[in-house]
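Given chain A, put chains B, C and D in place with the hints provided.
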Amino acid sequence: MPTLDRHFWLVIVASLALGIAGVGLAVAGNPENSGICISCFLENSAGALGLHDNARMQYLRPEIIGFVLGAVLSAGLFREFNSRGGSAPLVRLLAGIFLMIGCGVFIGCPIKLFLRLTAGDLTSLAGLAGLVAGVWIGLRGLAAGIHFGRAEKQRGSGWWIPCLGVALLLFYLFRPGFLLFSTSGSAAQHAPMLLSLGAGLLLGMLAQRSRFCITGSIRDSFLMRGRTPLLWGLLVFVVVAVGFNLFSGQFRLGMYGQPGAHLQHFWSFAGMALVGWLSVLIGGCPFRQLIKAGEGDADAGLVVIGMVIGGGLVQAWGLTATAAGVPFYGKVATLVGFLFLLTNSLLWRDRTS
Amino acid sequence: MPTLDRHFWLVIVASLALGIAGVGLAVAGNPENSGICISCFLENSAGALGLHDNARMQYLRPEIIGFVLGAVLSAGLFREFNSRGGSAPLVRLLAGIFLMIGCGVFIGCPIKLFLRLTAGDLTSLAGLAGLVAGVWIGLRGLAAGIHFGRAEKQRGSGWWIPCLGVALLLFYLFRPGFLLFSTSGSAAQHAPMLLSLGAGLLLGMLAQRSRFCITGSIRDSFLMRGRTPLLWGLLVFVVVAVGFNLFSGQFRLGMYGQPGAHLQHFWSFAGMALVGWLSVLIGGCPFRQLIKAGEGDADAGLVVIGMVIGGGLVQAWGLTATAAGVPFYGKVATLVGFLFLLTNSLLWRDRTS
Amino acid sequence: MPDRFDMLHLVGLLVVAGGLLLLVLTPQPEAGAMHGGRLDRAMEKQMLARARTDFLKQTYAPVVDLTASGEYAAALLKLKELGREYPGEPHGDILRGEILLAQQAWQPATASFVRGVKGNGDYVDAKSPLSRYESISRVVDEGLRQVGAQVKQHPDNSSLQETMRDLYYLQSRLAGGCE
Amino acid sequence: MPDRFDMLHLVGLLVVAGGLLLLVLTPQPEAGAMHGGRLDRAMEKQMLARARTDFLKQTYAPVVDLTASGEYAAALLKLKELGREYPGEPHGDILRGEILLAQQAWQPATASFVRGVKGNGDYVDAKSPLSRYESISRVVDEGLRQVGAQVKQHPDNSSLQETMRDLYYLQSRLAGGCE
Chain A
1 MPTLDRHFWL VIVASLALGI AGVGLAVAGN PENSGICISC FLENSAGALG LHDNARMQYL
61 RPEIIGFVLG AVLSAGLFRE FNSRGGSAPL VRLLAGIFLM IGCGVFIGCP IKLFLRLTAG
121 DLTSLAGLAG LVAGVWIGLR GLAAGIHFGR AEKQRGSGWW IPCLGVALLL FYLFRPGFLL
181 FSTSGSAAQH APMLLSLGAG LLLGMLAQRS RFCITGSIRD SFLMRGRTPL LWGLLVFVVV
241 AVGFNLFSGQ FRLGMYGQPG AHLQHFWSFA GMALVGWLSV LIGGCPFRQL IKAGEGDADA
301 GLVVIGMVIG GGLVQAWGLT ATAAGVPFYG KVATLVGFLF LLTNSLLWRD RTS
Chain B
1 MPTLDRHFWL VIVASLALGI AGVGLAVAGN PENSGICISC FLENSAGALG LHDNARMQYL
61 RPEIIGFVLG AVLSAGLFRE FNSRGGSAPL VRLLAGIFLM IGCGVFIGCP IKLFLRLTAG
121 DLTSLAGLAG LVAGVWIGLR GLAAGIHFGR AEKQRGSGWW IPCLGVALLL FYLFRPGFLL
181 FSTSGSAAQH APMLLSLGAG LLLGMLAQRS RFCITGSIRD SFLMRGRTPL LWGLLVFVVV
241 AVGFNLFSGQ FRLGMYGQPG AHLQHFWSFA GMALVGWLSV LIGGCPFRQL IKAGEGDADA
301 GLVVIGMVIG GGLVQAWGLT ATAAGVPFYG KVATLVGFLF LLTNSLLWRD RTS
Chain C
1 MPDRFDMLHL VGLLVVAGGL LLLVLTPQPE AGAMHGGRLD RAMEKQMLAR ARTDFLKQTY
61 APVVDLTASG EYAAALLKLK ELGREYPGEP HGDILRGEIL LAQQAWQPAT ASFVRGVKGN
121 GDYVDAKSPL SRYESISRVV DEGLRQVGAQ VKQHPDNSSL QETMRDLYYL QSRLAGGCE
Chain D
1 MPDRFDMLHL VGLLVVAGGL LLLVLTPQPE AGAMHGGRLD RAMEKQMLAR ARTDFLKQTY
61 APVVDLTASG EYAAALLKLK ELGREYPGEP HGDILRGEIL LAQQAWQPAT ASFVRGVKGN
121 GDYVDAKSPL SRYESISRVV DEGLRQVGAQ VKQHPDNSSL QETMRDLYYL QSRLAGGCE
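Residue numbers (this note's numbering), protein chains in the order written: chain A, 1 to 353; chain B, 1 to 353; chain C, 1 to 179; chain D, 1 to 179.
Hint data in this document are derived by calculation from the structure and do not stem from the laboratory. Incorrect hints may appear among the rest.
As the list claims (entries may be wrong) - With a cut-off of at most 25 angstroms between alpha-carbon atoms, the simulated DSS-like pairs for lysine-lysine come out as follows:
| hint | chain 1 | residue 1 | chain 2 | residue 2 |
| --- | --- | --- | --- | --- |
| 1 | D | Lys-57 | D | Lys-78 |
| 2 | D | Lys-45 | C | Lys-45 |
| 3 | C | Lys-57 | D | Lys-57 |
| 4 | D | Lys-80 | D | Lys-57 |
| 5 | D | Lys-80 | C | Lys-45 |
| 6 | C | Lys-80 | D | Lys-45 |
| 7 | C | Lys-45 | C | Lys-57 |
| 8 | C | Lys-45 | D | Lys-57 |
| 9 | C | Lys-57 | C | Lys-80 |
| 10 | D | Lys-57 | D | Lys-45 |
| 11 | D | Lys-45 | D | Lys-127 |
| 12 | C | Lys-78 | C | Lys-57 |
| 13 | A | Lys-153 | B | Lys-153 |
| 14 | C | Lys-45 | C | Lys-127 |
| 15 | C | Lys-57 | D | Lys-78 |
| 16 | D | Lys-80 | C | Lys-57 |
| 17 | D | Lys-127 | D | Lys-57 |
| 18 | D | Lys-57 | C | Lys-78 |
| 19 | C | Lys-57 | C | Lys-127 |
| 20 | D | Lys-45 | C | Lys-57 |
| 21 | D | Lys-57 | C | Lys-80 |
Unchecked claim - Quick list of simulated restraints, FRET-style, between CB atoms:
| hint | chain 1 | residue 1 | chain 2 | residue 2 | range |
| --- | --- | --- | --- | --- | --- |
| 22 | C | Ser-69 | D | Met-43 | 31 to 37 angstroms |
| 23 | C | Lys-152 | A | Ala-133 | 32 to 38 angstroms |
| 24 | D | Met-43 | C | Met-7 | 55 to 61 angstroms |
| 25 | B | Thr-352 | A | Ala-167 | 28 to 34 angstroms |
| 26 | D | Gly-19 | B | Arg-227 | 53 to 59 angstroms |
| 27 | B | Ala-129 | D | Gly-70 | 50 to 56 angstroms |
| 28 | C | Met-7 | B | Asn-82 | 34 to 40 angstroms |
| 29 | D | Arg-138 | C | Pro-108 | 50 to 56 angstroms |
| 30 | A | Phe-266 | C | Ser-137 | 26 to 32 angstroms |
| 31 | B | Phe-266 | A | Phe-181 | 31 to 37 angstroms |
| 32 | A | Phe-78 | C | Met-7 | 30 to 36 angstroms |
| 33 | C | Pro-108 | A | Arg-175 | 42 to 48 angstroms |
| 34 | B | Gly-254 | C | Ala-126 | 56 to 62 angstroms |
Every residue, glycine too, gets a C-beta built ideally from N, C-alpha and C.
Bound-form chain A, shown alone:
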């Protein structure tokens, strides 16, 4: 058992809220099993900004804006905003693109992995195995001395992602003519505006306070066995989500005919392994990167921008898996992602110690 201090209870509350919102937003109108999914939402948002032209995947998801601005608010209130940057910025940007490729090949970010699992989608088990394996490999790398260099205090860097968040909020509220909104497809499914935005803000604040992170939970479980609050948070999240899915009739156990899933288990494994490995090296899962960017971390901000670009590219290039399976170029991109990781592991290893 971990110590039952303030941080423990913060994690539990954040996980509870995430579980309720993750299922609840889908009940309220978001796509099936996608009440919260960073990668789906970023693909939708990139499409709304015109960065891809899949007319069924264009919607500026207010949850994303809420996550960033919620973290800004919370970090501001509790004096944890810290403008910093300069740690392997270009590599992080590219890592953001590959995060989206890995998520696209699996169909969903690590949060959605658990939402799929708790709705009875057994195909997500391959992804879970991949995620755990990826985190484990990443941890071995960190232990062997891979380090992207220390971030420095940069007074002028950390404010720009919060500014972009405000700009996107203005876009969402005033809807300039160039924004695209799908009228069909999964991007046309969305919970009521204020509910989405409010849930995003609340979760952003809670996640900033509690440092909630899916890959971080798995990493800490490896490092500290059961003594990390994050693992308990993950368990709470799973239990709440299963309960809510059963209650709302969205639970359907099985391997076939699941929404937003495919049967190429090897590639589900590989996609999530890529995400897990990348996340450990850059210090957090896609969701956590949004929160850190809101706290003034310009390096996480570059990951976020990379994820937005990635959201455009995976759709524009057709890299994302569909129910029919993983497309050829999606497989190629996943393998290129592993080459990227292996090369960086060699390049950034500190051999002095």
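Just chains B, C and D, lined up with the frame of chain A:
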């Protein structure tokens, strides 16, 4: 007169080549007055990658690939490749986006400004005045202590833009199904493949050796009056381009009915002022940023990625001017660009000295 | 202490912000349909989608008529002809699927629906003007029952297994989720 | 000296690179028109463009026929009717321009061509199937001569000046350059 050393003659040769290629590639098939235009080419390339859906502006311009890879080759041959990064990365990425906005509002990068001017397009004079004014303001800022922080040696950063260049070259040669190529509009106009690629490689190598830079030429002229080789290079470029334009019958003096030009002189001035100011603060015009990225400068690499994103956004959001003038959101974006510059000038000023 | 440089920049910020406000508040002559030459993009997209739907309806009307009057062979022939003119058009696959379904040819019907849905996801949308949600649901429900039973009898039949995969694909698409 | 960690990563690089090579060299069953569910994008775009052109030709055929037989008033009426159904469609503006041109109404013809070209640049393309390069060139040459002379006589006439601006716009577009 500057000293007539080896560097002087390198600059003269590079300028000569740039003048010939700048007019010659338009004669060979590139759009009118756009034999070389970094912003047009990046807008075309962003479109080819699917980052905007203007079906008349999608072509992966091999000149761009040539510039980067030529610089890599030359820097490798002469042992000037130096992997570095970490100087205000996120700000540079955003600066890249605003560079494309300024260029879009004027219609063309600083190189195309001179190509338009040397083809007799008098509307470009407003842009020239803006560019000079922008460089002057930027210089005053540098003198007052604005500094984006020193770049550090980062072994794993500088290789990724060269890798992206190689990837794009493979894309260009093998044309995967997701690449888009316009069949109409200015992106359907292009010089023969190998000519474009060869000219790009050659110019990339010469520009790397000579440090050719449009805004750098103007900056050095302010700083050193006539003693800088870059100013003489710029003059050679102008003389050669005027001569070639006259010779090939492309010279047509006038204010009206010019290709790719508009009559809103205030906004031509403002767009190029934005570009000049930004370029001085980030150390080089859009062309120079491509070359520096090829030399291993990951910070310039982030500017390049910012310019690619910007190339997508200016088209997707309709920010670029057309012959009809500057659209509303283009004006808004230009003013936001000045807000960005003014804020950064205050944030990044070193007040200790 | 802000010096002259800082003051100049603060004044600059105020001036530019004021200009921005002025610009935004001034009514735009070009407002409405046009933004600097390109149509308002949302409207442009709508127009295209609408033109496309109308075009499909016009072009494939003979097929629909022939199918309605039970002349399946003639309808399939007409589809083949249109397929040469518009290769890969998913609407043709969907109509072919409906004809094959009417002829009780489960396996080719399913395959044809799969091609159509892969080409254009609007067919599994409940709300789209192109929607075939109802008929595809029927294919899946009936198909899983019938073909499922056959697969149990002939577990080695690879073409039956492929049809099962197709049916699972359609079931997945009908179930929704992020694509 | 590379240690065990480095060796593992080098082996990993080789294995993944080998896998990539194998993947690229294996013939893809889904190759050709389909890539993972979406049509090959270039083909998809071509299809859409072609469907659009065909649709425009079909839909606006009555207007073209009426214009050809000199029934300009009826043609303009039909255009108005179609404009209600497809608001902002640039093809209508181009056809209206041609009718007005045939009626020697320079100023409204020019304005109509400008709207059409702003909506779709293909009309000033020499090669496009929708090209009106020839007729727009004629408008510009004639217009600059005629309206230019009128402007010299009435330098204060703002509507003439606007037409001059429109003509310069069309001239600029015909001259090409990066858009």
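Going down the list of hints, with the structure as the test:
1. A C-alpha spacing of about 14 angstroms is found between Lys-57 of chain D and Lys-78 of chain D, which places the hinted pair at or below 25 angstroms, so the restraint holds.
2. Taken as a hint, the Lys-45 of chain D and Lys-45 of chain C pair is honoured in the structure, with Cα atoms around 14 angstroms apart against an allowance of 25 angstroms.
3. Distance hint between Lys-57 of chain C and Lys-57 of chain D is fulfilled; the C-alpha atoms sit about 15 angstroms from each other, no more than 25 angstroms.
4. The straight-line distance between the Cα atoms of Lys-80 of chain D and Lys-57 of chain D is roughly 16 angstroms, inside the 25 angstroms bound, and the hint therefore holds.
5. For the hint pairing Lys-80 of chain D with Lys-45 of chain C, the CA-to-CA distance comes to about 21 angstroms; that is within 25 angstroms, so the pair holds.
6. Between the alpha carbons of Lys-80 of chain C and Lys-45 of chain D the distance comes to roughly 22 angstroms, so the proposed pair stays at or under 25 angstroms and holds.
7. Using a Cα cut-off of 25 angstroms, the hinted pair Lys-45 of chain C and Lys-57 of chain C holds, with the two alpha carbons roughly 18 angstroms apart.
8. With a C-alpha separation of about 19 angstroms, the suggested pairing of Lys-45 of chain C with Lys-57 of chain D holds against the 25 angstroms cut-off.
9. About 17 angstroms separates the Cα atoms of Lys-57 of chain C and Lys-80 of chain C, which keeps this hinted pair within 25 angstroms; it holds.
10. Distance restraint check for Lys-57 of chain D and Lys-45 of chain D: the Cα-Cα separation of roughly 18 angstroms lies within the 25 angstroms cut-off, and the hinted pair is therefore satisfied.
11. Note on Lys-45 of chain D and Lys-127 of chain D: the hinted pairing holds, with a Cα-Cα distance of about 17 angstroms set against a maximum of 25 angstroms.
12. The suggested pairing of Lys-78 of chain C with Lys-57 of chain C holds, with an alpha-carbon distance near 14 angstroms, which does not exceed 25 angstroms.
13. With a CA separation close to 18 angstroms, the supplied pair Lys-153 of chain A and Lys-153 of chain B stays within the 25 angstroms bound.
14. For the hint linking Lys-45 of chain C to Lys-127 of chain C, the alpha-carbon distance of about 17 angstroms falls within 25 angstroms, and the restraint holds.
15. Annotation: proposed proximity of Lys-57 of chain C to Lys-78 of chain D holds, straight-line Cα distance about 22 angstroms (limit 25 angstroms).
16. At roughly 23 angstroms between alpha-carbon atoms, Lys-80 of chain D and Lys-57 of chain C fall within 25 angstroms of each other, so this suggested pair holds.
17. For the hint linking Lys-127 of chain D to Lys-57 of chain D, the alpha-carbon distance of about 17 angstroms falls within 25 angstroms, and the restraint holds.
18. Between Lys-57 of chain D and Lys-78 of chain C the alpha-carbon distance is near 22 angstroms, which keeps this suggested pair within the 25 angstroms criterion.
19. A distance of roughly 17 angstroms separates the Cα atoms of Lys-57 of chain C and Lys-127 of chain C; the hinted pair therefore holds under the 25 angstroms criterion.
20. For the hint pairing Lys-45 of chain D with Lys-57 of chain C, the CA-to-CA distance comes to about 19 angstroms; that is within 25 angstroms, so the pair holds.
21. For the hint linking Lys-57 of chain D to Lys-80 of chain C, the alpha-carbon distance of about 23 angstroms falls within 25 angstroms, and the restraint holds.
22. Range check, Ser-69 of chain C to Met-43 of chain D: about 33 angstroms between beta-carbon atoms, so the 31 to 37 angstroms window is met.
23. One distance hint, 32 to 38 angstroms for the beta-carbon pair Lys-152 of chain C and Ala-133 of chain A, holds here, with the actual separation near 36 angstroms.
24. The beta-carbon spacing between Met-43 of chain D and Met-7 of chain C, approximately 60 angstroms, falls within the hinted interval of 55 to 61 angstroms.
25. About 32 angstroms separates the C-beta atoms of Thr-352 of chain B and Ala-167 of chain A, a value consistent with the hinted range of 28 to 34 angstroms.
26. Checking the proposed 53 to 59 angstroms range against Gly-19 of chain D and Arg-227 of chain B shows it holds: the Cβ atoms sit about 58 angstroms from each other.
27. At about 53 angstroms, the CB distance of Ala-129 of chain B to Gly-70 of chain D agrees with the hint of 50 to 56 angstroms.
28. At about 39 angstroms, the CB distance of Met-7 of chain C to Asn-82 of chain B agrees with the hint of 34 to 40 angstroms.
29. Taking 50 to 56 angstroms as the suggested C-beta distance range, the pair Arg-138 of chain D and Pro-108 of chain C conforms, at roughly 55 angstroms.
30. Against the hinted window of 26 to 32 angstroms, the Cβ-Cβ separation of Phe-266 of chain A and Ser-137 of chain C comes to about 31 angstroms, which satisfies the hint.
31. Phe-266 of chain B and Phe-181 of chain A have their C-beta atoms about 34 angstroms apart, which keeps the hinted 31 to 37 angstroms range intact.
32. A hinted range of 30 to 36 angstroms for the beta carbons of Phe-78 of chain A and Met-7 of chain C is consistent with their spacing of about 34 angstroms.
33. For Pro-108 of chain C paired with Arg-175 of chain A, a C-beta distance near 45 angstroms keeps the hint of 42 to 48 angstroms intact.
34. Checking the proposed 56 to 62 angstroms range against Gly-254 of chain B and Ala-126 of chain C shows it holds: the Cβ atoms sit about 58 angstroms from each other.
Consistency note: the structure conflicts with none of the earlier hints.
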